[in-house]
Amino acid sequence: MTIHGVIPILRMGDILLTTVHIELHDAVAEGFQADVLTAIEQRRARGLIVDISGLDVVDSYVARILAETGRMALLMGTQTVLVGMRPEVAATLVRMGYRMEGVYAALDLDEGLALLRRLGRR
Amino acid sequence: MNVEPDAVESLSRREMPIGSEDDVVVVRRAVRALAQKRGFNAFASAALTTATSELTRNVWVHARKGIAILEEVADGGRIGVRVTFEDEGPGIVDLERALAGGFSTARTMGLGLSGSRRLVDAFRIDSAVGRGTTVEIVKWKEP
Amino acid sequence: MPHRHYMTALRLDESEIQTRRSYFELGDDDLARLRTLHGLAEKHTDEFIERFYEHLLRSASTRKFFPDDATIVRVKRAQRQYFLQLFEGRCDREYVQQRVAVGVAHEHVGLAPTWYLGAYRKYLALLQVRLFDDLPAAEAQAAFLSVQKIVFFDMTLALDTYIAAHQETLARHQAALRELSTPVIRVHDGVLLLPLVGAIDSARAQQVMDTVLLRVAEEKAKCIIVDIAGVPVVDTKVADSLVKTTASVRLLGAHTILTGISAQVARTIVHLGVDVSTMHTRARLQEGIELALDLVGKRIAPVRAKRSSGE
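Residue numbers (my numbering), protein chains in the order written: chain P, 9 to 130; chain F, 382 to 524; chain S, 500 to 810.
So that you can see chain P by itself, here it is in the shape it has in the complex:
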């Protein structure tokens, strides 16, 4: 079962912004991935910002969903920036041996937008 529409996706110009504010259990995580990709396809977004400051646990499953979403978005020409990862979440992912490939990271939303602007200029 895949649950759609739980995590809202906002549009700011050619950038999509989403805030993951609830614990991503499996059905929600998969719905989130599908929703994001559909939004990119429909709106031709240049960048995607995923704010994960609300997540106090990111296990390898959720990390994989996030990184995969980023790599899928990249195939459609959209750069993904994860913003607001908590220090303990970053430490845990790295200690587990997980590598987040295919996504950028920024401290907060402002930095994320600035990073997307810089990437767009390249």
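Since the hints were made in silico from the structure, they are not lab data. Watch out, some of these pointers could steer you wrong.
As the list claims (entries may be wrong) - Which chain F residues face chain S? A few, computed with CB under 10 Å, are given here:
1. 422
2. 457
3. 524
Stated by the list, open to error - What the simulated footprint calls covered on chain F by chain P, stretch by stretch (three residues with Cβ under 8 Å from a Cβ of chain P suffice, anywhere in the stretch; the number is not a length):
4. 400–407
5. 432–443
6. 495–506
Claimed, not checked - Simulated crosslink set (DSS-like; lysine-lysine; CA at most 27 Å straight-line):
7. 736/S - 522/F
8. 418/F - 522/F
9. 575/S - 563/S
10. 621/S - 648/S
11. 719/S - 797/S
12. 522/F - 743/S
No residue lacks a Cβ here, since even glycine has one placed at the ideal position from N, Cα and C.
For chain P, the structure is supplied; the task is to place chains F and S on it using the hints.
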């Protein structure tokens, strides 16, 4: 008299069923609550909670049902949390490879076992093909 | 209350008290006998206390715990109470708690077990003489054995508590030292510096990584310079932890610059199989600071001489 100073004593025990995807969140929330009650710092708490999440998902993905036993433990001066995952699923054929990590079965990244082992202070696994798997993890509170 | 804490830490519940009592063969008959001795003890208390303190004040090692007369008066009063409690013939939780409090107090003032045990020996010697003076030999013998049991029972409680309290003190010191050993300094807007000095074991490596991540998030830093010039040995474990620190800082959206990289460290990092193209490293701290400023869009420029600037 404490004849064995290193003996681990259980201070509380709670058994939780694992039988759906939602239990991944339910069990790890309960473990987080225990870690917070015992005053773990954010890093230790995240490590224990994430390892629990991995191992609960392993039970769900591979065995469909099982149990998680949550305990507050003490050995001499230290306080910790121990979580034991038991299932009667297919068991692990190549344990060494599974523990090395990086290989993928079903929907997990293969980091479930190896990753959670790196996050905790003690890790014990017992698996028999056709009979099931038991994984026990302990995280101690920093002094 | 500290002694409550140790009652729990040492798991001194009813069953543990019973176990200890049976191990010391401290029976109800002993407690009853001790009660019959209360009058005798009371009669000699003043003499015991005086001679006991004479003994303590004679040795320089113990004298330092009694800096003035007021202290001596106070401890004598406490000692008198402590001594008479031996003859109340009780061995319940409340009694145990009082003995535990002694261990806590000794650890707190730094009175080592040697002096505590030595002082107790003096008590026993004084007591033995008076028991045999006042009672028929057989009774005195039995009384002395009962006293010995409760005294040993007491001493173990005080020692176990002393050890537990001492371990906690050590752990607190270690934690404080670890904190001191990761001094993260803000050198510029968005730029932090962590100069690492001294040996790094796995506990410290973990502390370094956690502190770096917390401070980067707190300060919203874009860049943290970790200078390892002061770390004598960078083995594969330390190198691995530095690589992990770099990787996790990147997940927050910031950069780590490792400086003070010697030839040996460079070798270790490459042998670990790390993708060095993703790491910012420099041989010297100064170059690291320049790189950090570059990353935040700043630059160190020479100040032009005043005269030439006007032209």
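(request) Assess, step by step, whether the Cα of residue 575/S is no farther than 27 Å from the Cα of residue 563/S, and give holds or violated. (result) This hinted pair holds, its Cα atoms lying about 15 Å apart.
(request) Apply the coverage criterion to the region 400–407 of chain F and chain P: a residue qualifies when its Cβ sits closer than 8 Å to a Cβ of the chain, and three qualifying residues are needed. (result) holds (count 4)
(message) Would the hint on residue 422/F be counted as holding, given a Cβ-Cβ threshold of 10 Å to chain S?
(response) 8 Å, holds
(request) For the pair supplied as a hint, residue 418/F and residue 522/F, confirm whether the alpha-carbon distance does not exceed 27 Å. (result) Holds, because 11 Å separates the two Cα atoms, which is no more than 27 Å.
(message) Less than 10 Å between beta-carbons is the criterion; does residue 524/F satisfy it with respect to chain S?
(response) Where the cut-off is 10 Å and the nearest Cβ of chain S is about 3 Å from residue 524/F, the hint holds.
(request) Can you take a look at whether the region 495–506 of chain F is actually covered by chain P? Rule is 3+ residues, C-beta closer than 8 Å. (result) holds (count 5)
(request) Below or equal to 27 Å on CA atoms is what counts here, so check residue 719/S against residue 797/S. (result) Roughly 17 Å between the alpha carbons, so the hint for residue 719/S and residue 797/S holds.
(message) Checking hints one by one. Is residue 457/F an interface residue toward chain S, by the C-beta closer than 10 Å rule?
(response) It holds, given that the least Cβ distance between residue 457/F and chain S is near 8 Å, below 10 Å.
(message) For residue 736/S and residue 522/F, compute the direct alpha-carbon distance and say whether it is at most 27 Å.
(response) 22 Å, holds
(message) Just to be careful, I want the Cα atoms of residue 621/S and residue 648/S compared with a cutoff of 27 Å; is the pair within it?
(response) 16 Å, holds
(message) Next pair to validate is residue 522/F with residue 743/S; report whether the Cα-Cα distance is within 27 Å.
(response) 22 Å, holds
(message) When I compare C-beta atoms, does the region 432–443 of chain F have three or more residues closer than 8 Å to chain P?
(response) holds (count 3)
Violated hints for the displayed structure: none, as all numbered hints are satisfied.
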